[in-house]
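4 protein chains.
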Amino acid sequence: MFFASDNSGPVHPQIMKRVMDANTGYAMPYGNDAIMDEVRDAIRTTFEAPEAAVYLVATGTAANSLALACYTQPFQTIFCAQHSHIEEDECNAPEFYTGGAKLTLIPTDDKMHPDDLAAAIARRPANSNVHMAQAGPVSITQVTEFGAVHTLEELRALTAVAKAANLPVHLDGARFANALVALGCSAAEMTWKSGVDVVSFGGTKNGCMGVEAVIFFDPKKAWEFELRRKRGAHLASKHRYLSAQMAGYLQDDLWKDMARSANAACARLAKGLIAARAEMKTTPEANMIFARFPRSVHQKLHADGAKYYVLDGDVANGPADENLGARLVCDWSMTDVLVDQFLSHF
Amino acid sequence: MFFASDNSGPVHPQIMKRVMDANTGYAMPYGNDAIMDEVRDAIRTTFEAPEAAVYLVATGTAANSLALACYTQPFQTIFCAQHSHIEEDECNAPEFYTGGAKLTLIPTDDKMHPDDLAAAIARRPANSNVHMAQAGPVSITQVTEFGAVHTLEELRALTAVAKAANLPVHLDGARFANALVALGCSAAEMTWKSGVDVVSFGGTKNGCMGVEAVIFFDPKKAWEFELRRKRGAHLASKHRYLSAQMAGYLQDDLWKDMARSANAACARLAKGLIAARAEMKTTPEANMIFARFPRSVHQKLHADGAKYYVLDGDVANGPADENLGARLVCDWSMTDVLVDQFLSHF
Amino acid sequence: MFFASDNSGPVHPQIMKRVMDANTGYAMPYGNDAIMDEVRDAIRTTFEAPEAAVYLVATGTAANSLALACYTQPFQTIFCAQHSHIEEDECNAPEFYTGGAKLTLIPTDDKMHPDDLAAAIARRPANSNVHMAQAGPVSITQVTEFGAVHTLEELRALTAVAKAANLPVHLDGARFANALVALGCSAAEMTWKSGVDVVSFGGTKNGCMGVEAVIFFDPKKAWEFELRRKRGAHLASKHRYLSAQMAGYLQDDLWKDMARSANAACARLAKGLIAARAEMKTTPEANMIFARFPRSVHQKLHADGAKYYVLDGDVANGPADENLGARLVCDWSMTDVLVDQFLSHF
Amino acid sequence: MFFASDNSGPVHPQIMKRVMDANTGYAMPYGNDAIMDEVRDAIRTTFEAPEAAVYLVATGTAANSLALACYTQPFQTIFCAQHSHIEEDECNAPEFYTGGAKLTLIPTDDKMHPDDLAAAIARRPANSNVHMAQAGPVSITQVTEFGAVHTLEELRALTAVAKAANLPVHLDGARFANALVALGCSAAEMTWKSGVDVVSFGGTKNGCMGVEAVIFFDPKKAWEFELRRKRGAHLASKHRYLSAQMAGYLQDDLWKDMARSANAACARLAKGLIAARAEMKTTPEANMIFARFPRSVHQKLHADGAKYYVLDGDVANGPADENLGARLVCDWSMTDVLVDQFLSHF
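Chains as they are written, first to last, in the numbering used here: chain A, 1 to 346; chain B, 1 to 346; chain C, 1 to 346; chain D, 1 to 346.
Think of the hints as simulated: they come from the structure by calculation, not from any bench.
There's no promise every hint is true.
Chain copies aren't distinguished; within one or between two, either way the pair holds.
Claimed, not checked - No farther apart than 25 Å at their CA atoms in a straight line, the calculated lysine to any residue pairs in the SDA-like style are these:
{"id": "1", "residue 1": "Lys271", "residue 2": "Tyr26"}
{"id": "2", "residue 1": "Lys163", "residue 2": "Thr283"}
{"id": "3", "residue 1": "Lys220", "residue 2": "Ser128"}
{"id": "4", "residue 1": "Lys221", "residue 2": "Met28"}
{"id": "5", "residue 1": "Lys221", "residue 2": "Thr335"}
{"id": "6", "residue 1": "Lys256", "residue 2": "Tyr26"}
{"id": "7", "residue 1": "Lys281", "residue 2": "His131"}
{"id": "8", "residue 1": "Lys307", "residue 2": "Met20"}
{"id": "9", "residue 1": "Lys17", "residue 2": "Pro29"}
{"id": "10", "residue 1": "Lys17", "residue 2": "Ala306"}
{"id": "11", "residue 1": "Lys221", "residue 2": "Ser344"}
{"id": "12", "residue 1": "Lys17", "residue 2": "Phe217"}
None of these values were measured; they are calculated from a predicted model.
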C-alpha cells in the first residue's frame, strides 16, 4: 500500500524495454542519438508545434530551473503560487539557475487567482523603479501541488494576465499527463494554445526512470538552453538512455494510458474516502488526494504497512477520533486491490 | 570501428540486469533506497574508508562541480592543469557551482608538474592580499585528458604541494578505473592514502548508463553536499536506478574487469600504431591514444566508417602523407577484431 | 519643504570639514588610512565591543548584502519582515551577494511578531529536509520601513527566537541613530546585548555623504568580509574619505545630535498632523511618518513645491476630501520653520 | 616621496570645491540630481557621443565588472591580457558580476598581441561546441598594468579582431586620461571611433575622491546597467557627491591637465632613472614605471621614507648591488622637487 509519491513507483515495462533495446553498440552522445530524433518528432507532433525546441533532462527540478533561467534575468522575480514546487521543494534551485532572481509568492490555498497575480504584477510596472526586483516570468503548476487541475479557462485567465504585462509563461508539468487526461484536451491546448511559452513535460512521476522534456515553443531559446543545460551539468553523455525512456513513454500514447490509470485509482480511492466521511481538502481531479481522517484509522494503516505522508499531528499519540491530514498519491501501477485494501481500514 | 569516446559505448549486461532487477514495486526515493545502502557499503569497503560520505549523480560534470563547490569559496581559485576537463569541457559549470570562483591554469602539456603547481600557489599566499582570488582546492585528473596516468609518486608529489599550503585536493576520476588497473594499486592508495580529499569516481565512461559517485573521505561535508546536489537539481527521485547501476558496476569487480578490457584494447591499438610508425603524443597508459598519422590513412578509415576525433587539419584536402592528429578511445566493449580492422588501414 | 527622504538632505558641516581635512597629501589606500584606525576605535568604544571587526562601505544596500552574505549559505533563506528594505528596495542584492539564497517574508504590517517568526523558522527544522531552503539568518530593521522603533524587549524577543534555532541575527540599521535616541539606550544594548551578531550602522541617511559601517561582534568573520567586500567592488581605494565621514559623524556624538534633531522635527510634524486630524498609520517614533490626508491638502502642498512620496491615488484628480497616503521623512537639517510651513497647508 | 599608487594621492581642490558647492539643501537622489545632467552632457560632448548612456559608480572594479556584466552571459568567457586588473586585482569581481563567466588570459608580457587574441577567439567558434565556455567580450586596459599605452593603431587592431568575431569590446580606462594625453588624441578616437563599445572612464586615480564613469556608446544597455548597478549595491543615494566630483573633473579639462602633470612627473623620473642606469621594463609612456635598481638604493630610499612597491626580493638582506624591481607611480600632485629628491638617492 504505497501512496507516498508517484516518484517511487516502478518503471513501465514498455519504457524499460526501450531502454534495453537502446543498448546495442555505440551511439552518438550528448543528444545526437537517433532516438532523440524520434523523440523530437513525436513531441512536435503531440504538441502540434513543428518548430518547437525539445530537450531532455533527468530531473523535474532541472527542467523547471533551466526553463525558467532562459526567461529570467537575475534582477527579476518569478511569479508563482505560494505553495509551488519551485518555491517549496527545490532548495533554491530556481534562484541558483537564474543567478539570484527572486520568487514572488501569490497568496493562495492552491491555484493562483488571476486577480491576485495581476495585483502582484501591477506592483512591479515595467521600466519604472530601479530599486525593486523587476517583473519576470509567471510559473503555473499543472497539476497543482494539492492535486487540482487548472481548466483551460483558468489557465488562459492566468496567461492573459502575464501577456498583458508582456511576461513569459512557464508551465511546471511534472504531472502534465495526469492533468491532460483529466481535462480531456490536447497537449497544444494545454500549452501554447493557452499562452504557455515553455513547459516542463514530466515523465519521471508517470512511469519513467528519470526523464523530463523541456519544450520551448519559441525555438530562439534553443542554443541558450543547450549552454545552460551543459553548464548546469545536465547534459547526459549517454543521452540515448534518456531518449529511449521518453520514446517509450510517448509510444502508442502510453503516457496517457498510465495517467488515466493513476487518475482512476485515485478516483476510486477518493470515492471510498468520501463514503467513509474523510474531510477532503479539494475534489481530487488527478492522482493526488489531500484528506483528513481519524488517528485510529492512521494507526491501523500504519500497522499494516501503508506508506503515505501524514501532514500534521502525531499518529501514535492523541485522541483516536482526531482527524489528521494525509497526502495520498497514486501512480500508474496502483491497483484496485491495493486501493480497496487501503479503504478497508476505515 | 567506434573510437570516438568511451561515453558512447553500450552498458554492460551485468549493470543493465541490476537496473532491470531494481524495477520491482515501490522504493524509497531520493537516495533512501536499499540498493544505495549496498552501494555505500561496497564503496566504503573498496576504498577502505568506513566513514566516507558517498553520493551518486548522473554526470561527471555534476560530480566534479558539486565536489569542488563543497571546498571552494566564491572568492577563491581552483588550481588545475591547463587542459583539464573542468576548464575545457564543462562550459563554466565549476564557476557556476562555486558561485563564481576562478580556475587557475597550471601551464603544462598534460600532467601538472609539482613545481609549477607550487609556484602558482605561492603567488597567492594565505590571508595576505585581499585584491586577488585566494588559493582554493587543487584538482587533479586521473587519467589525464591526454591519456596519461599519474603514478602514486606523482600524485603524492602534487598533493604534498597542496597540503603544504593547507589546500584540499579533488581527484577527477572520470576514468578512475582505467588508471587504477594501469597502476595495479588499491582505490585507497590512489585516493586518501595519497592525499586526496574528495574523488569523482566515474562509472559512465566505463560501462554504466549514467552514474558517478562522489566520495568524501571527510564526512563533515556530507550535509552540505546533499543540499548543493538538490539545489543543483541533481538529486534523482527514482534514485534506485542510479544505485542499481553502481551496484552492478562494483559487483564482482566488474568495474576493474571492464577497465582492463578497455586498456588492453588500447594497448593493442597502440602497439599496432607504433609498428605503423604513427607519432605518439604520449605512451598510452590507459584507454586513450593521441597519435598522428598520414592523411591518406585517415581517408581510408573515414571511408570505412571509422569514428574518432581528428584534432587538426582537414582530412579531405591536403597532401596524402601529411600527418594529422587523432584521439582514439577504447571502451570496455572494444574488441580485438575491431582494433585489428582499424589497424589494417595502415 | 523636502520631506521625501533622509537620503536627499545635505551633509553636516562637521562631516564635510573632516573630509576636507583628510585631503592632505598621501594616505594609505584600501582602509589602511590612519583615520580608519580612529573610526575603528570610536566604534568599538561606542558599542562597548573591543574585539569587533569594523568596516566601511558607501551604500546601505552594500552594508546589508555583504553582512548577510557572511552568514548565509546559498541553499538557505533569510527571514525578514514582509516590507523590509532588503526585500523591497534592493533589486535582489541580497540574493546576488548570497549566491542565490531566498528571502522568507514574515507576514506583518510592519514589525515582525516573534510568534510569526518562530512559526516560519519551525517550518524549516535544521538538518531534516534536503528539498527546502534551509533556515538562515534573521534580519531585523531598526527603524522599520514604516517608521516604528523596536523596543529592546521587542528586539530581544525576536533574537531569542533566532537564538533558539541557532540562527544568526542581522540588524539593518540604516536609521540606527534615530532608533537609538528614540529608545534612549546604548549602542551595545541595541545590538549585541540584545542578541545581534552583525549590524549595518547607517551614516548616509543621517547627515553623511555616503558611508555605512558594518560591525561584526564576532571578529572571526573579518577576513571573509574583506574578501567579499573586494569581490563586490566595495573596497574604496581612497578609503580615507569614507573614514573621514564616519569620524566626523561619531565625533562629539554628532550622530546622536542629528538623529535627535530629525526625530524632533518629525514629532513636531506628527503633532500638527494629528491636530489636523490626519490618519496616522502608526505613532511616529523616529523620523518617518505615514499619514493620510485630503487630496485638497496634497494639491496645495504640491502647488507650493512640497516634495514627498504620495503612496496611493492621484493627487490631481478625484474628490477634494478623499484621503491619500503620504510618506514624510525628516532629516537632521529639517527646521521648525519648514515643518510649520508644511502644516500651514492643512 | 609617495610613489606607491595614484590611488593614494589627494583630491584636486577644484573637485573638492564642487563637492562643497553641491552641499546645499536637498537634491534628488539616485542619479536624478541636476549635477548629473551637467555630467552627462559634458561626457557626451567630450566623447562626441550624443546618445551615450552615462553612469557613475564609486570604484574602478565596479565600473569594470558592471560594464562587462552587461555584455557577458554566464556561459561565456572574457578575453583579456594575462596581467590585467580584472584578472589579478579584483578578487573574482568579474566572475561575480557576470554570474560565473570565465576569463581567458591572452599570454603576454603586457599588451595583448592581436594574433594571440585572434587565436584564442578562434578556439571558441560561435554556436559550435556546447561543452566549452563561449566567446564573450574582449577587455583592453588602457594604460596597461605595466604603464604602456596602446596606440590607436594597436587599439584598432585588437578591436578589429573582436569585431570580426562579432564580440563586444570593453576598455578598462582606470588611467584613461593618462593614456589620452600621452597619445594626444580625442576621447572619441580612443573609444568608439576605435571600436570600443563600453568604457570605464576613471576618475579616482586621477585626482578624484572616488568616482568612475561607465559610458555605453549603445544606449540600449542603459536600463540593464541601471538594474545591475542597483543590484550590485552601487547606486548611491546621495549621488550628487559623485556627480560633483565628475563635474569638477571635467570642468575646463582639469582631467587632462592633471594627467599631463602626472605624466610629466613620470617622464622626469624615468629620465633620471635611465641616466642612473636603472633597468627599465618598458619605456614609460604615461604615469607608471617598472624599473630595477640596486638594493643599496632601495635601502637609502626606504630609510628616507620613500613609499613604493618592491616587486621582488628582500630590500633588507642581500648583495648591495643586486637589482630589485620597483613599481613607481606618479599622480597629478607629484612635484619636481619630490621626483628630484627620489632621484638624489641614486
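Inset, instruction - Give me the numbers of the hints this structure contradicts, sorted from smallest to largest. - result: 2, 5, 10, 11 and 12
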